[in-house]
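Once you've looked at the hints, dock chain B with the ligands against the given chain A.
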Amino acid sequence: MFSNYVSVALRNLVKNKLYSAINIIGLAIGLAACILITLFVRDELSYDQFWTKADRLYRLNTTFSIPGREPFVTVVSPGPSKGALERFFAQEIDKVVRLQSLTPVIEIGNALYTDEMIFADPTASDVLDFDVVAGDMKAVLTDNASIALSEKMAHKYFGDQPAVGKVMTITNYNLKRDYRVAAVFRDLPHNTVLAIEMVAMIDENDWHDQAFLFDSWFSVNNTVLFTLKPGVDISSVTSRFDAFADNSIEMPAELTGGKGASAFVQFGTTKLVDAQLHPAGLGEMKPTGNIATVIIFASIAGLILVIACINFMNLATAKSTQRAREVALRKVLGAGRGQLIVQFIGESVLIALIGLVAGIVIVEAALPFYGEFIGRDLSFDYTDGMTLAILAGLVATVGVVGGVYPAIILSGFRPAWVLKANKSAETSGSAALRSGLVIFQFAVSIALIVGTSGVYGQLKYATTMDPGYTKDNMFVLHRINRKGAEERRDALKAEIQRLPGVVSATFSGDTPGSSDENNTSVEIPGQENTGTILIGVQDVDHDFFKTYQIPIIAGRDYDRQYAGDSEPSVEGLKEGDVVNSNIIVNESVLNRLGFGTPEEALGKVFMIGRGNGVKNALTIVGVVPDVHFQSLKTVKRPEMYALDADNYGNLTVRFTGDPKALVSGVENIWRSLVTGVPISYEFVDEALAEEFDQEEATATMLALFAGLAVFVACLGLYGLAAFTAERRTKEIGIRKVMGATVTDIVRLLLWQFSKPVIIANLIAWPVAVWGMLSWLENFPYRMEAWVLGPLCLIAGLIALGIAWATVGGNAAQVARANPIKALRYE
Amino acid sequence: MLKMHNLSKIYRTDEVETIALNNVNIEINSGEFVAIMGPSGCGKSTLLNIIGMLDNPSEGDYLFFDENVARYSEAKLANIRKRHIGFIFQSFNLIDELTVAENIELALLYHDIAASERRDRVAAVMDKVGIAHRAKHMPSQLSGGQQQRVAVARAVVGNQSMILADEPTGNLDSAHGQEVMEMLQGLNEEGTTIVMVTHSPAHADYARRTINLFDGQVVTENLRAA
Ligand SMILES: Nc1ncnc2c1ncn2[C@@H]1O[C@H](COP(=O)(O)OP(=O)(O)O)[C@@H](O)[C@H]1O
Ligand SMILES: [Mg+2]
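Which chain is which? The protein sequence lines are A and B, in order. Using our numbering, you'd call the opening residue of the first sequence number 1 and step up by one each time. Using our numbering, you'd call the opening residue of the second sequence number 1001 and step up by one each time.
Looking at chain A on its own, in the form it has when it is part of the complex (with noise of 0.2 Å):
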């Protein structure tokens, strides 16, 4: 019994190629799709998963909600909130421990290096694991002259030579110290939201200078992880975290107005495993991904299978027909119809098999494109309990889901009416069901096509949107801060002033792309008392106005021949000192201290502290737009723009001509000026595009997913349009025979096929509108709704155009065959 399903299975699979090849192939991709994506969703889940405490291991996060603004939400923590943690949670918190990553200048003999490096706490063995090759971590995180490199920096540096005893000459800060390297650690899986290559211990007392790092808690940059006490809830530390705030940071009295910390400073938590997929603010060490993605390319996946099993039930059914005759014949011998459905259900798996065999040739191929496209080293593991699992998982469902209906169909056939009649039994259930179908995969491929178009659209928007400054022709040299640098960093700027092409040049503290933030309180004289005002500082120069060219919409830019237009230096002066300058402020500045228009602002007065009790009034001189001066992702805030030449990082150069030869002149420059720190430079088109590089990979995964979907529809619908051709000869004959033109056949076919898609388009556009607007609420800056207008227009129209090339070849050939074929025997 079993072998005679087998093999008129197979008879079947090879008699009806076309059948049979759009199924398998249909379901290979649909396969390939759901496996390619499985294995991207399973990297995902699988972050953090591998350290040995990930079960009771959290990360601190830091929120500052500062009145007027939106609240600065980040990953990272003040440095004190270690020994604060330690002491305020010594019943819950087990092991504390800060990572802080620098990125110093490396000398090994001659060679120099930037590379980012970690300062941790000795307490990261404890937490953390690492996979020791050579040396011993404990030394190195007891010894502030050792340090512990992955396999990856070992080889980077010292190549096959054994690096434990080797000696790196390394500079953070005004901190220049050999290190001798103690420690080789195996390479962290790419899995982790840590990134950790080179470790060296925490010595408070070798950043004095820099207390911002350990010392302040109005400054986040440690990435702070601690692990509770086996059998701690998690939430008896959460439940306490605003006192803890309240507790251990003290307030400058000015700033609260009484309040305690917590309503300025909020901690919050995130497993360690949830991080990758729940990201909770700026400040993560490398890229992470976020849950949203995760559910959408799940959902993707699962509806390209769901498209490919509609083709098999909706071809099954279409050519439900030729097999009448089959079953009407083994009914007549005493086949039950539970038999029967056994049967077809039996046949639909078998095809499935085939189609995931086909479909693992298909991952296989891929897999090394997607693993370098998705930037992550994929690999199929066939000795996998969960794959197998799930492979099974899927040919079953496949199997059954797309069997089981044409099976109950199939089997329904009555016998004595199919021999005598020997013609289509079938209901126009059956063919309503799969219209219904058909149109369910076309909306489906047009939201899919109009999501994906609505994401480019974002992208584009959100790439070539107005920073508010001319983004093009601009170039920034960065790390002029550093030792070895900063000396030179006015004959530097000359230097390069003088080469062909610079237009102008200026120093500033950050610079476009960047997302560190510097806020001061503010108060107006007279107004003490309307409580804290924060106010974005960014550090300029001369001429920073006319480099980037924002305009000035009222006042003066800052000029040479006022000496008040620096911000003064504040030494040897005592509590209760004020010093004055001038300062250009943006408009949103005016807003949040109401001063009236940009006119009415001029020459009006605000104090900022200076410390040590000391202010400095401000007298407003000139004002400017709002502009995205950092990055494009964040809203645009209050923000001075302080001329402070203590606080320069960076040299942003405008050019004309050729950006090659303007970047050699500056790379020989700098090689003849500055001694130990290697260049570091971009373009600033680039490097605010690059803020969007993430988006652009999700915007090209989902392209390809799309247009997957697409096509496997379309091979469904090529399909039927071939049975239904079959179907309809006789129609198309007796149409002829009255006169219709092979294009009035080519239209009716090409109708009967438009309609599923119209209605399709119908559906989508809806349910495509709404996903995309929510989608877009992320943004702060996003394009104009209206434009899904079109975009489902013309999705729509790719849509049917798609439907009707599938379609229009097969309608050509029926349309032209002669009618008296179709008539004669009947």
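Calculated from the structure, these hints are not laboratory results. Please note that a few of the clues may not be correct.
[As the list claims (entries may be wrong)] Sample of chain A residues facing chain B (criterion: CB under 7 Å; computed from the structure): (1) I734; (2) T741; (3) A817; (4) I820; (5) A822; (6) L823.
The beta-carbon is built from N, C-alpha and C at its ideal position, and this holds for glycine as well.
Coordinates of chain B with the ligands only, in the frame set by chain A:
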């Protein structure tokens, strides 16, 4: 009305070559009622299809109203056909998914005729063949005789001057066959040219002339006195 001169039709498949019509010379005048008889496979349907411009002859000439259409393209033939010729088939060849009225309307659909006029003409012809009460029914709900009446209605609704009927009574019992023959006779009396293939000598008697085919050749032509 039409004239065939040394007309042949040869079907070539991969191996076999079938001579379906061999040097046929026929002339049919307007208003005639002609029956074509002969054993199965002798080429009757082939001849009717060529007369009806559903197919081209392999050799020879076919003059339709003095126009040699033997080598006309499919599109050109379709254009002449839809204006002049109506068809009736043994197996009725109605479209299962369309109602009786829609099936009849089909013959007007590919002419430039306004929807309202189409409706009027369909209604008139349904009255004439006596199936008006079945207008909204599907073909599968009708008896064979009724279906063939629908087919007759469809063949004449466009005021075609010639009707080609390929064994129109072949699937009908004798009473219904008789009915259809009387309908055809009535149409002929109104001036429609009728060419009909039949196996029934009794039905052939309705025609004024009988052409006997054998192996693709015309063997005799009998004229019946009016
Ligand atoms: N499309 C075709 N291809 C090949 N041979 C055909 C075709 N149509 C008809 N024939 C052959 O031509 C001969 C005449 O057929 P036909 O005109 O249908 O005969 P009749 O209608 O007299 O029974 C037959 O031998 C038939 O097999
Ligand atoms: Mg015949």
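Hints versus structure:
1. Taken as an interface hint, I734/A checks out: its beta carbon lies about 5 Å from the nearest beta carbon of chain B, inside 7 Å.
2. Among the interface hints, the one on T741/A holds; its C-beta lies about 6 Å from the nearest C-beta in chain B, closer than the 7 Å criterion.
3. Because the beta carbon of A817/A sits about 10 Å from the nearest beta carbon in chain B, more than 7 Å, this interface hint is broken.
4. Because the beta carbon of I820/A sits about 5 Å from the nearest beta carbon in chain B, less than 7 Å, this interface hint is met.
5. For A822/A, the interface hint is violated, the least distance from its beta-carbon to any beta-carbon of chain B being 9 Å, above 7 Å.
6. At about 6 Å, the closest approach between the beta carbon of L823/A and any beta carbon in chain B falls short of 7 Å, and the interface hint on this residue holds.
Hint compliance for this structure: hints 3 and 5 are broken, all remaining hints hold.
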